[in-house]
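Enquirer: Listed here are the chains, written in short residue letters.
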Amino acid sequence: MIAYQYYPGCSLHASARDYDESVKGVLGCLEIKLEEVPDWNCCGATITPSLNQLQAQILPARNLALAAENKGDLIVPCNACYMSLKKVQHNMVKYKEIREGVIDIFSQTGLSLTGMPKVRHLLEMIMEDIGLAKVKEMVTKTLKDIKIVSYSGCQLVRPLGFDDPEDPQALDQLMEALGAKVLPFSQKSHCCGSSLITTQPELAFKMVDSILEEARKVGAEMVVVTCPMCQLNLDAYQGQINNKFNRTGELPIIYFTQLMGLAMGMSKSQLGIQRGIVSSNKALEKIG
Amino acid sequence: MSDHKIGVYVCHCGSNINGVVNCAKVTEEIGKLGEVVVAKDYKYMCSDPGQEMIKNDIREKGLDRVVVAACSPRMHEPTFRRALEGAGLNGYLLEMANIREHVSWVTKDKEEATKKALSLVKGAVKRVKLHEPIEEREVPVTNTTLVLGGGISGIQAALQVAEAGHKVYLIEQKQYIGGNMAKFDKTFPTLDCAACILTPKMVDVGQSPNIELYTSSEVIKVDGYVGNFTVTVREKPRYINHDKCTGCGDCASACIMKNRIPHEFDEGLSKRSAAYIPFPQAVPLKAVIDDENCLLLTRKKCTLACVKACGAKAINFNQHETIHEFKVGSIILATGFDLFDAKRSPQYGYGKYPNVINGLQFERMTNASGPTSGHITLADGTEPKSVAVIHCVGSRDENYNKYCSRVCCMSSVKFAHLVKDHCDAEVYEFYIDMRTFGKGYEEFYNRVQEEGVHFIRGKGAEVAQKDGRLVVKAEDTLLGQYREIPVDMVILNTALEPRVDAEKVAQTLGISRSGDGFFMESHIKLDPVTTTTDGIYLAGCCQSPKDIPDSVAQGSAAAAQSLAIIATGKVKISPISASIDSEQCAGCQICIGLCTYRAIKLNEETLRAEINEAVCKGCGTCAAGCPSGAIKVSHFNDDQLLAQIEGVLA
Numbered sequence: 364m365i366a367y368q369y370y371p372g373c374s375l376h377a378s379a380r381d382y383d384e385s386v387k388g389v390l391g392c393l394e395i396k397l398e399e400v401p402d403w404n405c406c407g408a409t410i411t412p413s414l415n416q417l418q419a420q421i422l423p424a425r426n427l428a429l430a431a432e433n434k435g436d437l438i439v440p441c442n443a444c445y446m447s448l449k450k451v452q453h454n455m456v457k458y459k460e461i462r463e464g465v466i467d468i469f470s471q472t473g474l475s476l477t478g479m480p481k482v483r484h485l486l487e488m489i490m491e492d493i494g495l496a497k498v499k500e501m502v503t504k505t506l507k508d509i510k511i512v513s514y515s516g517c518q519l520v521r522p523l524g525f526d527d528p529e530d531p532q533a534l535d536q537l538m539e540a541l542g543a544k545v546l547p548f549s550q551k552s553h554c555c556g557s558s559l560i561t562t563q564p565e566l567a568f569k570m571v572d573s574i575l576e577e578a579r580k581v582g583a584e585m586v587v588v589t590c591p592m593c594q595l596n597l598d599a600y601q602g603q604i605n606n607k608f609n610r611t612g613e614l615p616i617i618y619f620t621q622l623m624g625l626a627m628g629m630s631k632s633q634l635g636i637q638r639g640i641v642s643s644n645k646a647l648e649k650i651g
Numbered sequence: 218m219s220d221h222k223i224g225v226y227v228c229h230c231g232s233n234i235n236g237v238v239n240c241a242k243v244t245e246e247i248g249k250l251g252e253v254v255v256a257k258d259y260k261y262m263c264s265d266p267g268q269e270m271i272k273n274d275i276r277e278k279g280l281d282r283v284v285v286a287a288c289s290p291r292m293h294e295p296t297f298r299r300a301l302e303g304a305g306l307n308g309y310l311l312e313m314a315n316i317r318e319h320v321s322w323v324t325k326d327k328e329e330a331t332k333k334a335l336s337l338v339k340g341a342v343k344r345v346k347l348h349e350p351i352e353e354r355e356v357p358v359t360n361t362t363l364v365l366g367g368g369i370s371g372i373q374a375a376l377q378v379a380e381a382g383h384k385v386y387l388i389e390q391k392q393y394i395g396g397n398m399a400k401f402d403k404t405f406p407t408l409d410c411a412a413c414i415l416t417p418k419m420v421d422v423g424q425s426p427n428i429e430l431y432t433s434s435e436v437i438k439v440d441g442y443v444g445n446f447t448v449t450v451r452e453k454p455r456y457i458n459h460d461k462c463t464g465c466g467d468c469a470s471a472c473i474m475k476n477r478i479p480h481e482f483d484e485g486l487s488k489r490s491a492a493y494i495p496f497p498q499a500v501p502l503k504a505v506i507d508d509e510n511c512l513l514l515t516r517k518k519c520t521l522a523c524v525k526a527c528g529a530k531a532i533n534f535n536q537h538e539t540i541h542e543f544k545v546g547s548i549i550l551a552t553g554f555d556l557f558d559a560k561r562s563p564q565y566g567y568g569k570y571p572n573v574i575n576g577l578q579f580e581r582m583t584n585a586s587g588p589t590s591g592h593i594t595l596a597d598g599t600e601p602k603s604v605a606v607i608h609c610v611g612s613r614d615e616n617y618n619k620y621c622s623r624v625c626c627m628s629s630v631k632f633a634h635l636v637k638d639h640c641d642a643e644v645y646e647f648y649i650d651m652r653t654f655g656k657g658y659e660e661f662y663n664r665v666q667e668e669g670v671h672f673i674r675g676k677g678a679e680v681a682q683k684d685g686r687l688v689v690k691a692e693d694t695l696l697g698q699y700r701e702i703p704v705d706m707v708i709l710n711t712a713l714e715p716r717v718d719a720e721k722v723a724q725t726l727g728i729s730r731s732g733d734g735f736f737m738e739s740h741i742k743l744d745p746v747t748t749t750t751d752g753i754y755l756a757g758c759c760q761s762p763k764d765i766p767d768s769v770a771q772g773s774a775a776a777a778q779s780l781a782i783i784a785t786g787k788v789k790i791s792p793i794s795a796s797i798d799s800e801q802c803a804g805c806q807i808c809i810g811l812c813t814y815r816a817i818k819l820n821e822e823t824l825r826a827e828i829n830e831a832v833c834k835g836c837g838t839c840a841a842g843c844p845s846g847a848i849k850v851s852h853f854n855d856d857q858l859l860a861q862i863e864g865v866l867a
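So the sequences go chain by chain: A and B. Using the working numbering, read the first sequence as starting at 364 and increasing by one per residue. Using the working numbering, read the second sequence as starting at 218 and increasing by one per residue.
It is possible that some hints are incorrect.
As the list claims (entries may be wrong) - Restricting the straight-line Cα-Cα distance to at most 25 Å, the calculated cross-link-like pairs of lysine to any residue (SDA-like) are:
#1 A/Lys569 <-> B/Gln564
#2 B/Lys637 <-> B/Ala681
#3 B/Lys569 <-> A/Pro528
#4 B/Lys325 <-> B/Glu245
#5 B/Lys418 <-> B/Glu355
#6 A/Lys504 <-> A/Leu546
#7 B/Lys676 <-> B/Glu643
#8 A/Lys607 <-> B/Arg700
#9 B/Lys721 <-> B/Asn397
#10 B/Lys683 <-> A/Lys459
#11 B/Lys849 <-> B/Ser791
#12 A/Lys459 <-> B/Val323
#13 A/Lys569 <-> B/Thr694
#14 A/Lys544 <-> A/Lys459
#15 B/Lys721 <-> B/Lys569
#16 A/Lys457 <-> B/Glu615
#17 A/Lys544 <-> B/Lys569
#18 B/Lys690 <-> A/Ser558
Calculated from the structure, these hints are not laboratory results.
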């Protein structure tokens, strides 16, 4: 059994419990052990860098320092956490001032920076370590051509992510391996507006609408996501946005791990599927 | 112990060196060494008075060794060697200490810089004592030239050498000459028709008694050295007897694959047969049979309609490839460029939306003999009402190529003009910076601005499809606003890239490539035409992206280099070379693999390695790699190098 360290991030303990449940369910089936980083803290997301640069480095750096004390790659299911952690890692290697600033503050708290774990997104780990062949082998209930668009979001692929930043392929390939029908979608790595949904809703609503509208136009029955922030924006605000732009047709926003779980024979409740605000019952009828 | 008389000359190079290194102090300190008879510093040692000073000291003080502490020896070693020779001393009794590139330009701390400069000069003094006089060698040259690549720069070079009365072998990979320029309709900034100015040159190539043209051919091997190359060329079969073919095109009309194969010359915008004439002005104007699509050649099954249609009986399916060997004095490389594949930037929808095209496709569209007979049309055959041109696709982009492709701003402006001229659509140019630097270029840009073209300063970020139209998204940095502009057609002006086989060509010819992948010149400013291999010259886009005027100029410059070799009748060969002590050589052949210049061969009888001194560049790689220490490099032997190290560390 391969062991990994797990950094769930705040969302997966709160608004994205469904993601957390499905991650643990699916990896359990795949006999992969996740060891949660002890005493982890918020990554600072996209908000802290606009308030305090040093603090924005310290928050993720502390998580890296804690993870460095144990073995195994650090697996991150959230795009925003993934990018925050990778960015700080990059900054500490590249910029002496940042590295020294972090070490200075750490020294006041008794933390040391002995090494840094390899930070990987959950999707990256599934594609690279488990592989599509193994995933296909585990499928007991194919998704029967359920029509989806895969929406990787922006922070999974840039600036330091994996996969093609303009036309990501991994999520498409994984969904095809589960038997889903992946539709062409030009906004795979467009931004969902992230936290602007609370500070500048006018702007973020436009961004989310553009994503949902293309998904509807190409005939998607659901939008598959890899990030709790994207999921929240596309799901929880969908009613408001549809009203504002006069759109009809609800689109369930589902985590890729939830579809993996279904294909591997797990039940909807094991995967937290009932927790979505836009119901996916109708879209999932096909596969029973 | 020293019985040498050494003069040391420290150059200020204006403030280049003296601004950081205390030259007076270096001079004073070095003068204290016993064997240094004279030490002087001077503002510009390479100037006439500077050189005179050295010569006078040699004559008056009887110097027998000279150290010049100045710039890189790449620049002025020949200058100072000549100065020594002018005063009757062998040029190789000179040693240069590079205190500019290696010290003043890379060190900020003045004291550290002065210390380092002094160390380097001390090393040079220790080394120069062990220098020995060396005589330069001359070898006769073959007065023929090989030009590789039949685009505009290769044509220019070939014609100039031929007009001077010397034989040229022009080798072209495609079945015709003319290169990319032959695909254009109009050329900037004067809007001459490309065919009108290129076709006469192509015809001249075909008719010149001094040019032997080999199309469908590639160089597979190059042996020898400057003045005496042996080049092996593989000519692929065309399955057409050139002597009989009249270029009538009857075979193309008869071919059962007619209108089924995307036509490369039209950038895929039209379909051709398997037997075809590449384009109406092609030189040579002979049919070609495409062995990848011909049914007889691929499946051995065909009605042979082409053979029946050919009145001249020119089709011969029994042709085989031919290997030619040419003896030439110099080689001009003019292999051109590849266009960046816009599919690599999926955000622009190339290959996905039929009305997103690249620059060369637009060129074909506007060409009177092109796929639309010169009409600008959308995929449905109608005229566009608005067109966007996106600059810098694949250029000035960290993800693909950092460099500027140089021609795209001007060709984009030309595209805008042609759209206005042909169909009066609205044109939107999305640019990062406008770079219209050539003669008459800015004026042309002004003219097109006045024609009512919209110039939007901001790189096109994305092309999407909305309500049946294309939409270009961009940040307009002059307005400070995000814009979405609906258009009917998008032209992606893509980067000029090194050819896909550039590495293979570089290896075959033994030349280098720069970081951007283009072939590397000897000096980016002062020697942009020669390569680091003597006798191999560069012309056109294989060295860096260029427009037509610059490609032609470099073609002429390369021809001048070849003619200079022919005119002198002999070439000087650097006397610095490696030699093998055959007593010590174990025949392990490690050196043969290490030699970039292919100067080492195994003597099949003695089973010892042998160095061809004419080919050897004296780089020393073999000497460093030889496990038995059997190889020595003159002017860079172990004793000299150890003495230099000792001096630097003292």
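Enquirer: If a hint holds in the structure, say so; if it doesn't, say that too.
Expert: Status of the hints after comparison with the structure:
Between A/Lys569 and B/Gln564 the CA atoms are separated by roughly 20 Å; this keeps the pair inside 25 Å, and the hint holds. About 24 Å separates the Cα atoms of B/Lys637 and B/Ala681, which keeps this hinted pair within 25 Å; it holds. Restraint check for B/Lys569 and A/Pro528: satisfied, since their Cα atoms lie roughly 18 Å apart, inside the 25 Å limit. Our distance criterion of 25 Å between C-alpha atoms is met by B/Lys325 and B/Glu245, whose separation comes to about 22 Å.
For the given pair, B/Lys418 sits about 36 Å from B/Glu355 by alpha-carbon distance, which is inconsistent with the 25 Å threshold. For the hint pairing A/Lys504 with A/Leu546, the CA-to-CA distance comes to about 20 Å; that is within 25 Å, so the pair holds. With a C-alpha separation of about 18 Å, the suggested pairing of B/Lys676 with B/Glu643 holds against the 25 Å cut-off. Our distance criterion of 25 Å between C-alpha atoms is met by A/Lys607 and B/Arg700, whose separation comes to about 22 Å.
Annotation: proposed proximity of B/Lys721 to B/Asn397 holds, straight-line Cα distance about 21 Å (limit 25 Å). With a C-alpha separation of about 47 Å, the suggested pairing of B/Lys683 with A/Lys459 is violated against the 25 Å cut-off. For a cut-off of 25 Å, the pair hint linking B/Lys849 to B/Ser791 stands: about 16 Å separates their Cα positions. The straight-line distance between the Cα atoms of A/Lys459 and B/Val323 is roughly 21 Å, inside the 25 Å bound, and the hint therefore holds.
Note on A/Lys569 and B/Thr694: the hinted pairing holds, with a Cα-Cα distance of about 21 Å set against a maximum of 25 Å. Between A/Lys544 and A/Lys459 the alpha-carbon distance is near 48 Å, which puts this suggested pair outside the 25 Å criterion. A C-alpha spacing of about 32 Å is found between B/Lys721 and B/Lys569, which places the hinted pair above 25 Å, so the restraint is violated. Of the pairs offered as hints, the one joining A/Lys457 and B/Glu615 holds, with about 18 Å between alpha carbons and a cut-off of 25 Å not exceeded.
With a C-alpha separation of about 19 Å, the suggested pair A/Lys544 and B/Lys569 falls inside the 25 Å cut-off, and the hint holds. Distance check on the hinted pair: B/Lys690 and A/Ser558 sit about 23 Å apart at the alpha-carbon level, within 25 Å; holds.
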